[in-house]
Amino acid sequence: DTGVSQNPRHKITKRGQNVTFRCDPISEHNRLYWYRQTLGQGPEFLTYFQNEAQLEKSRLLSDRFSAERPKGSFSTLEIQRTEQGDSAMYLCASSPSFGGNEQFFGPGTRLTVL
Amino acid sequence: AQSVTQPDIHITVSEGASLELRCNYSYGATPYLFWYVQSPGQGLQLLLKYFSGDTLVQGIKGFEAEFKRSQSSFNLRKPSVHWSDAAEYFCAVVMNSGYSTLTFGKGTMLLVSP
Numbered sequence: 037d038t039g040v041s042q043n044p045r046h047k048i049t050k051r052g053q054n055v056t057f058r059c060d061p062i063s064e065h066n067r068l069y070w071y072r073q074t075l076g077q078g079p080e081f082l083t084y085f086q087n088e089a090q091l092e093k094s095r096l097l098s099d100r101f102s103a104e105r106p107k108g109s110f111s112t113l114e115i116q117r118t119e120q121g122d123s124a125m126y127l128c129a130s131s132p133s134f135g136g137n138e139q140f141f142g143p144g145t146r147l148t149v150l
Numbered sequence: 399a400q401s402v403t404q405p406d407i408h409i410t411v412s413e414g415a416s417l418e419l420r421c422n423y424s425y426g427a428t429p430y431l432f433w434y435v436q437s438p439g440q441g442l443q444l445l446l447k448y449f450s451g452d453t454l455v456q457g458i459k460g461f462e463a464e465f466k467r468s469q470s471s472f473n474l475r476k477p478s479v480h481w482s483d484a485a486e487y488f489c490a491v492v493m494n495s496g497y498s499t500l501t502f503g504k505g506t507m508l509l510v511s512p
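Here the protein sequences come in this chain order: A and B.
37 is the number of the first residue of the first sequence in this note's numbering; add one for each residue after it.
399 is the number of the first residue of the second sequence in this note's numbering; add one for each residue after it.
These aren't lab readings, by the way, just hints derived from the structure by calculation.
It cannot be assumed that every hint is accurate.
Within a straight-line C-alpha distance of at most 20 Å, the following computed SDA-like cross-link-like pairs (lysine to any residue) qualify [said to hold, decoys possible]:
(1) B/K459 / A/F140
(2) B/K504 / B/P405
(3) B/K504 / A/K50
(4) B/K504 / A/P143
(5) A/K50 / A/P132
(6) A/K47 / A/Q120
(7) B/K504 / A/E80
(8) B/K447 / A/P132
These numbers come from a predicted model, not from an experiment.
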């Protein structure tokens, strides 16, 4: 399968714990995006990478959130000291830097904070 | 503020009937426009996109959408709905072409009745 993959698909954690999600984009795509989707809402942009550089961060990305893309390939999103309000679906997408901005989405990681 | 509005939270259509899902955007210039579909447990799949040119665009699964600049709208249509079309549909725009981050509407849930 050459699509975007995300792991884990589901994560249940207790409030105050740290969690980390991984995204593997389509191999030739140098743009990578993270979005968050809560129940009844559309996805909301969190952060964007061009290769290994994090070029844009949303105001939604509090200090407890950090994202990396160390070698311009896979990316990780870490949430420290999770809160119940962090419960959501975390979506990753990738796109090439040419040809029309189409983003390809992974299946998402569903986080439940108890 | 820049925004995307999908005024219908839920729509129920009989199988075989036609479908139109509404989308309006608020932006000073013409954005790039997209429709995505999300089935339960699945990632977002791109149905179609508009960048420029012909204002009527064709997509996958028999969907089409028409861009109307005067109405700031990009409505999605299908002439005959199939039960497998039941899903959530999201309109999205790229308002910052430099980074291509997507701004989504809240989605419209399509229910198909027999």
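Exercise for review: Mind listing which of the numbered hints don't hold for this structure, in increasing order?
Suggested key: When the structure is compared with the hints, numbers 3 and 5 turn out to be violated.
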